[in-house]
Every structure is written in C-alpha cells, then in structure tokens.
Amino acid sequence: MRRSALLVLADGRFPAGGHAHSGGAEAAVKAGRITDAAGLAAFCRGRLHTTGLTSAALAAAAALGHDPYELDRAADARTPSLALRSAARKLGRQMTRAARATWPCAELDALAAAFPRGTHQPVVLGLAARAAGLGPEDAAHCVVYETVSGPASAAVRLLSLDPFQATAVLARLAPEMDQVAERAAAAARQGIDHLPAASAPLLDIAAEQHAAWPVRLFAS
Amino acid sequence: MSLTATARITAAPGGSLPVLESDGPLALRRTRTTGPDADARVTVVGAMSAPLGGDRLALEADVRDGARLLVDAAAATVALPGRTPAPAHYDVRLTVGEDAELRWLPEQLISAYGSELCMRTTVQLAATARLVLREEQILGRHGEEPGTLTTRLTVHRAGAPLLDQELRYGPGASVGWDGGAVLGGHRAVGQLLLVDPDMADKPAEPRLLGETAVLTPLAGPAVLVTALAADARLLRRVLDRALDDLTG
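These protein sequences, in sequence, are chains A and B.
Heads up: the first sequence runs through residues 1 to 220, numbered per the working numbering.
Heads up: the second sequence runs through residues 1001 to 1248, numbered per the working numbering.
Calculated directly from the structure, the hints in this document are not laboratory data.
For glycine and all other residues, C-beta sits at the position ideal for the given N, C-alpha and C.
There could be a bad hint or two in this list.
With a straight-line cut-off of 20 angstroms between C-alpha atoms, the simulated EDC-like cross-links for lysine to aspartate or glutamate are [claimed, not checked]:
| # | chain 1 | residue 1 | chain 2 | residue 2 |
| --- | --- | --- | --- | --- |
| 1 | B | 1202 | B | 1145 |
| 2 | A | 90 | A | 70 |
| 3 | B | 1202 | B | 1099 |
| 4 | A | 30 | A | 11 |
| 5 | A | 30 | B | 1178 |
| 6 | A | 30 | B | 1211 |
Computed Cβ-Cβ distance ranges for the label pairs, DEER-style [as the list claims (entries may be wrong)]:
| # | chain 1 | residue 1 | chain 2 | residue 2 | range |
| --- | --- | --- | --- | --- | --- |
| 7 | A | 13 | B | 1093 | 40 to 50 angstroms |
| 8 | B | 1237 | A | 32 | 22 to 32 angstroms |
| 9 | A | 165 | B | 1240 | 42 to 52 angstroms |
| 10 | A | 178 | B | 1211 | 34 to 44 angstroms |
| 11 | A | 32 | B | 1105 | 27 to 37 angstroms |
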C-alpha cells in the first residue's frame, strides 16, 4: 500500500497541465448539454463509463509493463478524433516531463526518447504509477478520477456552478468510479487484445467542433 | 427456438463469387451492379425476422486480392426480444486483400424495445486494401424506447489496429449513455469509415458536417464520419452526403 504516492499522482495540482483541459465540458456547456449539477452528473457518468473506462485500462496496462508502442497504437485506434489525439499527446508530453522529475527512472527516460512528440497521456500516467511503485488499480483510479474531476472543475468556472454541488456530483459517482477502475485493471491483466474500446460519439463530435472555435477558455 | 447461422461470401477478381452461402435468416443474393464501383454485388435479403434473443448469427466476406465487392441489404435489421432472456449475437467478419476493395453498405440496425444484441464487426485489411463501411444504429422503432445494444467495430490494417470502437446503449448499458457526453437524447447514430492507401500522401483535414456530425482523419490513411441525428432518415441524409463527397 503506497497511499501517499497515489495522492501525489492523483492531486489536481500535480504539474502535468490537466487544469487547462475541460474534458469536453466547455463544448457541452456551449451546446446547452450541461446547464446544472444534474446535467454535469449525466455528462460525467457517460464519460466515466466510456472514454474513462478505455483510458483507465490503457493506464493499467502501462502500469503492468505492457509495451508502450503497442499501447500507443491501441490508444490511437480508440481515439478517432484528431483533436482528442492531439490533446492526449500534448498532455502526455507534459506528464512525461513532470513524472521524470518526480520519479526519475530508466523506463520514463526511454519513453521520452521513444516518443519525442508525446504518447497518449494515460500510457504515460501508467508508467508514472509504475515508477512511483504503484499498481494497475492505482493507475486506473487516477485516470477514472480525472475523467470526472476535470469536467466538474471546468463546469464550476464555465457555469459559475456552486463548487459544493460540483464536488457532491463527484462524491456520488465514487462507487461507480471504483467499479470502472476495477473493470479497467481486470481487462488490462488479460492483455492488450482484451482492452476495452468504449467510446462516446458526442465527445468525439464536440471535440472537433471545439477545436475549430477561434476563442476558448480550455484547450479541449 | 434460438438459431445459429453463418453465411459466407468470397469475391474473386473479375466479379466472380466462388462462395455465396446463405444460412438461416441470412439469405444472400447476387444482384446487378449499378455503377463502376464494384465488379460484384451481393444483397443480404432478410428471409425472416432476426436476430431474436439467443440467436447466434455470423456473416463473413472475404475479398480476395484484386477483387472489388459491394455488399448491401434489402431491408433494415431489427433486433427483437426472443423467447429466452439471453442476448443475441451477430458477428460480421470481413477480410480485404491486396489491391482489393470492399464497399459494405448494409441498412440500419434497429434496436427494438426489450431486445438485447451484441454486434461485433471485425475487419482485416491488407496494406493496399480499400474499404467503405457504413454502420447505423437506430435506438427503438418509431416512438419506442430502445433495447440494449452493444456494437464493436475493430479494424486492423496491415496487422496494426486502425480503429476500435464500442458503443453501448439502452436499459442494459451503464448509466449515462443518454447524457451530454454520449448521445444527448439523439436516437440515431452512424459511422462511415473510408480507408484508402492514397490518403497516406494527402491526409484529410477534420471537417464539421453540421451540428452533430464530423469527419475526422484517423491515425492512418482513413477518415471516419461520426454522426448523430434524431431519426434514421436524417442520419442517412448526413451519411449519404458525406459518402458522395468522399467518393464522388
């Protein structure tokens, strides 16, 4: 049990650039699909069970030591949106920089050398978890949590939503987050061919629309 | 009674069909090609209502090196509840060889209330293969709540993954499927995938095709159109326009 290392990695203040991304919430707010705490909960729940599960399994697989090249290709195939692939690689670059400084190790150095333009962020997060002595469930929990905490904190800024209400949304989702993280880690243990590919059409569509906006508050 | 059936098509260069095997509800007919896009055309004719709960159906098409095949359908596929509570399974397995082309343009898949269907489409493409593939999921017949529908589309090109996508909707799906991240209340979902090795030299730019549809380049010589609409007719209109743009 390395709870403190997990808290360092999962902390929203971990300097990996995640705060600049809304997880699709900015586009959903503009389109009127999130207008209040209930809409935020439905959005987060949908994201959790789709791309949240898929990303968490990629992170768990990386934490188990599966080949990062193969995971990178698996992540590309599961990310049809060019805007979301670009965002995932950018976040991956930032996460690589932060993780190498935080938990220096040969595996992270090799990853940075192999992917100068960055690999998908969940793959890096999985390797960072591994470097911190954490396991696949830990990596999956980190991804699952940021899958919902990103949109929740963005919604506070975008809608002036009561932060207490936004946090209550997260708290109510906690049991589902645990289930999704467990499923993700279990799938990763079966190997790359068994990774889930759950996807969300509106997130893909809205990500491309958002990327075409001339002015936006969040990068994705 | 639930049933198990596997229908098979093999297309060879010059328009011959060395294998054309119907099975159970999957009746295959050779039909006349209507344009220069294919050397052979096969139409899936629904001989009876399927799949019902518990059924295990499979449809296989093998497009040999240099062959060009179009597969379409005479009617929509309706997933209906069966006498057993077990889900129905429908597997589509497609293989496209070197310099071969497959246009896979079936009609809609309609998920009727009370049904449960797991549909799995796997595609193996050679490096120089070309593909046009359309999938449309309609959640519920007119004015009806949907059944439970899981569809997974896995495409490999030259042995490497190109696209892997699973969609899951309805009362048996995880909660949140109808929220603002997944469907946002829409009841018709479609994908149009185009793989063409020529795109390696000139990758497509992302393009918005209306309020709830986009075209996006994949990480490979391919583009995917993802579209949501209120109903089947509006969805088809968006996908038809995209297909004309991409192949016209």
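Status of the hints after comparison with the structure:
1. B:1202 x B:1145: Roughly 43 angstroms separates the two Cα atoms, so the pair is violated.
2. A:90 x A:70: holds (19 angstroms)
3. B:1202 x B:1099: Judged against 20 angstroms, a Cα distance of about 19 angstroms means the pair holds.
4. A:30 x A:11: Distance ~28 angstroms between residue 30 of chain A and residue 11 of chain A Cα, so the pair is violated.
5. A:30 x B:1178: holds (18 angstroms)
6. A:30 x B:1211: At roughly 12 angstroms apart (the allowed maximum being 20 angstroms), residue 1211 of chain B and residue 30 of chain A satisfy the hint.
7. A:13 x B:1093: 40 to 50 angstroms: holds (48 angstroms)
8. B:1237 x A:32: 22 to 32 angstroms: holds (23 angstroms)
9. A:165 x B:1240: 42 to 52 angstroms: Roughly 44 angstroms apart at Cβ, these two residues keep to the hinted range, so it holds.
10. A:178 x B:1211: 34 to 44 angstroms: Check passed, 36 angstroms falls within 34 to 44 angstroms.
11. A:32 x B:1105: 27 to 37 angstroms: holds (34 angstroms)
Of the numbered hints given earlier, the model fails hints 1 and 4; all others are met.
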